[in-house]
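**Q** Each chain, letter by letter, is given below.
Number of protein chains: 2
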Amino acid sequence: MSKQHNKSSSNRAGAVPHGQLAQIPLLNILTGQDRQRLLHELTEARYGKGEFIFREGDPTEYFHIVKEGTVKCVKSNPDGKECTLKMLMPGDLFCCDAAAFDGARHPGSAQPMGDVSILRMSKKAYFDMLRRSPDAALEVIKYLGNRLNEAQEKNKVLALERADQRLAALLVDLGTRSGIKEDQGIRLPMRLTREDMANMVGTTTETVIRIMSRFKQDDLVTGTANRLIIRDIERLKKLAST
Amino acid sequence: MSKQHNKSSSNRAGAVPHGQLAQIPLLNILTGQDRQRLLHELTEARYGKGEFIFREGDPTEYFHIVKEGTVKCVKSNPDGKECTLKMLMPGDLFCCDAAAFDGARHPGSAQPMGDVSILRMSKKAYFDMLRRSPDAALEVIKYLGNRLNEAQEKNKVLALERADQRLAALLVDLGTRSGIKEDQGIRLPMRLTREDMANMVGTTTETVIRIMSRFKQDDLVTGTANRLIIRDIERLKKLAST
DNA sequence: TTCAAAACATGATTTGCATCATGTTTTATA
DNA sequence: TATAAAACATGATGCAAATCATGTTTTGAA
Chain D
1 MSKQHNKSSS
11 NRAGAVPHGQ
21 LAQIPLLNIL
31 TGQDRQRLLH
41 ELTEARYGKG
51 EFIFREGDPT
61 EYFHIVKEGT
71 VKCVKSNPDG
81 KECTLKMLMP
91 GDLFCCDAAA
101 FDGARHPGSA
111 QPMGDVSILR
121 MSKKAYFDML
131 RRSPDAALEV
141 IKYLGNRLNE
151 AQEKNKVLAL
161 ERADQRLAAL
171 LVDLGTRSGI
181 KEDQGIRLPM
191 RLTREDMANM
201 VGTTTETVIR
211 IMSRFKQDDL
221 VTGTANRLII
231 RDIERLKKLA
241 ST
Chain B
1 MSKQHNKSSS
11 NRAGAVPHGQ
21 LAQIPLLNIL
31 TGQDRQRLLH
41 ELTEARYGKG
51 EFIFREGDPT
61 EYFHIVKEGT
71 VKCVKSNPDG
81 KECTLKMLMP
91 GDLFCCDAAA
101 FDGARHPGSA
111 QPMGDVSILR
121 MSKKAYFDML
131 RRSPDAALEV
141 IKYLGNRLNE
151 AQEKNKVLAL
161 ERADQRLAAL
171 LVDLGTRSGI
181 KEDQGIRLPM
191 RLTREDMANM
201 VGTTTETVIR
211 IMSRFKQDDL
221 VTGTANRLII
231 RDIERLKKLA
241 ST
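Here the protein sequences come in this chain order: D and B.
Read in order, the letters of the first sequence correspond to residues 1 to 242 in this note's numbering.
Read in order, the letters of the second sequence correspond to residues 1 to 242 in this note's numbering.
Hints may be right or wrong, so weigh each one.
No distinction is drawn between identical chains; accordingly, a pair holds when it is met within one copy or between any pair of copies.
[Stated by the list, open to error] Here are the simulated DSSO-like cross-link-like pairs (lysine-lysine), alpha carbons at most 30 Å apart as the crow flies: (1) LYS181 / LYS123; (2) LYS216 / LYS181; (3) LYS237 / LYS81; (4) LYS238 / LYS216; (5) LYS238 / LYS123; (6) LYS124 / LYS142; (7) LYS81 / LYS49; (8) LYS238 / LYS86; (9) LYS49 / LYS181; (10) LYS181 / LYS81; (11) LYS237 / LYS216; (12) LYS142 / LYS123; (13) LYS142 / LYS216; (14) LYS124 / LYS81; (15) LYS86 / LYS237; (16) LYS238 / LYS124; (17) LYS124 / LYS181; (18) LYS124 / LYS237; (19) LYS238 / LYS142; (20) LYS238 / LYS49; (21) LYS216 / LYS49.
In short, the hints are calculated from the structure, not lab data.
Please take these sequences and the hints and turn them into a complete structure.
**A** Shown next, in the form of C-alpha cells:
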C-alpha cells in the first residue's frame, strides 16, 4: 500500500560478533560443542527502513532470529491492500516452521521498522540443530504454539470486535510486550504511524485517526508516530474487554 | 451462542484397538520399541454432538489426535459471541503446542460435529515421545508451522475481504480439504448449518443465508446443512480471489 | 531555515452488514 | 406420520466504517 524504495541488498551478512548474545532463549539452550556449532552457523545481517528482509513468494532459505529492532510480517491481497500480521521483537524467531521444508515459498513479507539486526542460519543447519537437540526442538514447538495461540486470538478479535476495541487491544499488546515505562505513561519504542496501526487491526487509516483522536481526548493515549505514549493501559484493557 | 446440552462425560477412554491405525503421519514415524510405547500410551475416546471434548479455560491434560469425524475449535468473547477457528479432520493434532506446558489453560473449546473418535495421551507421555524422537518433534514442528500459516492466512482474509469472499474462501477450503467428489459436485461430509458457517467467517447467520441464496442462484452451491454441495469450486476460488 | 512530502485531521456521503421482525420450510423424533 | 424445534428465508431499518474530498500540521532532508 505504501511505496517502498528497496535500497537493494547492501547488507552483507557477517559472522556474529560473539559476545553478549543476549536474552535469546533458543540460543541459551545449547551448551558445549552443540553451542559452538550453532554459533558458527549463525550470521548477522542488518536492514534499514524501506528494505525487505524477504518478500512474499520468495523461496525460503534461512531460519531467522530478531536480534535488535522491530520487524513486521506483512501479507497483501490481490488488489494491493496490506495486512500486518505481527510485530517481531528481539528474541522472536521467524521462518522456524518447517513448512519451509519442501521448497515452499514465504507466505508473507518481512520488513524492518527502522534499523534492525537479524541473526540467521541456513535451513540445513537449522534442521540439523533440531535433530541433534530435543531441547531446541521443544523450545521451537513451544514458540510455535504460542504464535499459533496469538494468531487464533487475533482471529477472534478480528471476527468479533469493533474497530475501536481492536485498536485498544493492539495498543495494550504492544504496550505490554515492548513498551517503556516513563513518567507520562508507557512509550512505544518503534515509530508507528496511523497507517501502520490500520494495517494491524484491519481497518482504514482514516478510521484509526478518528479513533485515536477520541482516545487522545479521553486521555487514553498521547503523541503520534514518533512518540506514541499509552497513558491509561487499564482503561484500554477494559475497552478491549478481552 | 447456541445452547448445548452437555451429555456429561459418559465417554470412558479405553485402550486403542490396535489395527488399522490409519493414515496418521505422526504415528507412522515411530518404529520398533518407540512405536510400541506410543501405542501403549494412546487411548481412544468417543464423543457425540452437543458434548465438549474440553472447554475454554479448562486445564490442559492431554495431547489429542482426531481419528474419525470432525472437531471444531471455538473461542467466544465476553458477551457470548462465538467464533470457530478451525475444523479438525482425521489426522489433525490438537493441543500439541507445548504452551500446554506450565499448567496453562485451554485458550478455546473443542466440540465434535457429530460423532467423533479421538486418540489422546497424557502430556507427560507426549513430551517423552518428543524428547526421544527427533522425527516426531520435527513432524510436530511441521504441523504447527502449517497451522500457523493457515491462521495467518485467515487473519488476512478477515482483515481485508468482504463477507461473500470470506464465505467463498471457506467453501473452497472445506471442499478441497474434506470434500467428496460426486457427480453433482463436491459434497461436504459434515453437517454444516448457516450458523456454523457464520461463526467460521466472522459474520451473522442472516448474512450467510443471504449470500448462500445468491450463491445458489448463481449455481455455485446447492443444498443445505445435511447435504451441502459445491457445484463450481473454480468460480468460488475466483470470487475469493486468493 | 526552507520546503516538499508524509502524516494527521475532519467533514460529507455511501455502503456493507448487523439487527430486528416475522414467516416458511426442513428435520428429527415421539 | 404427526409435530415441535431447528434451520432457512426475506423484508425493513439503523449504524459502523469505508470512501472521497479537502484541508492543516509535522517531519526530515536539502
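**Q** All hints, please: hold or fail.
**A** We went through each hint and held it up to the structure:
no., hint, result
1, LYS181 / LYS123, "neither (38 Å within a copy, 38 Å between copies)"
2, LYS216 / LYS181, "within (18 Å within a copy, 56 Å between copies)"
3, LYS237 / LYS81, "both (28 Å within a copy, 19 Å between copies)"
4, LYS238 / LYS216, "within (16 Å within a copy, 42 Å between copies)"
5, LYS238 / LYS123, "neither (43 Å within a copy, 34 Å between copies)"
6, LYS124 / LYS142, "both (21 Å within a copy, 15 Å between copies)"
7, LYS81 / LYS49, "within (20 Å within a copy, 40 Å between copies)"
8, LYS238 / LYS86, "both (22 Å within a copy, 27 Å between copies)"
9, LYS49 / LYS181, "within (25 Å within a copy, 49 Å between copies)"
10, LYS181 / LYS81, "neither (34 Å within a copy, 35 Å between copies)"
11, LYS237 / LYS216, "within (15 Å within a copy, 43 Å between copies)"
12, LYS142 / LYS123, "both (19 Å within a copy, 13 Å between copies)"
13, LYS142 / LYS216, "neither (38 Å within a copy, 44 Å between copies)"
14, LYS124 / LYS81, "neither (34 Å within a copy, 45 Å between copies)"
15, LYS86 / LYS237, "both (19 Å within a copy, 27 Å between copies)"
16, LYS238 / LYS124, "neither (46 Å within a copy, 37 Å between copies)"
17, LYS124 / LYS181, "neither (41 Å within a copy, 39 Å between copies)"
18, LYS124 / LYS237, "neither (43 Å within a copy, 35 Å between copies)"
19, LYS238 / LYS142, "within (29 Å within a copy, 37 Å between copies)"
20, LYS238 / LYS49, "neither (34 Å within a copy, 35 Å between copies)"
21, LYS216 / LYS49, "within (28 Å within a copy, 48 Å between copies)"
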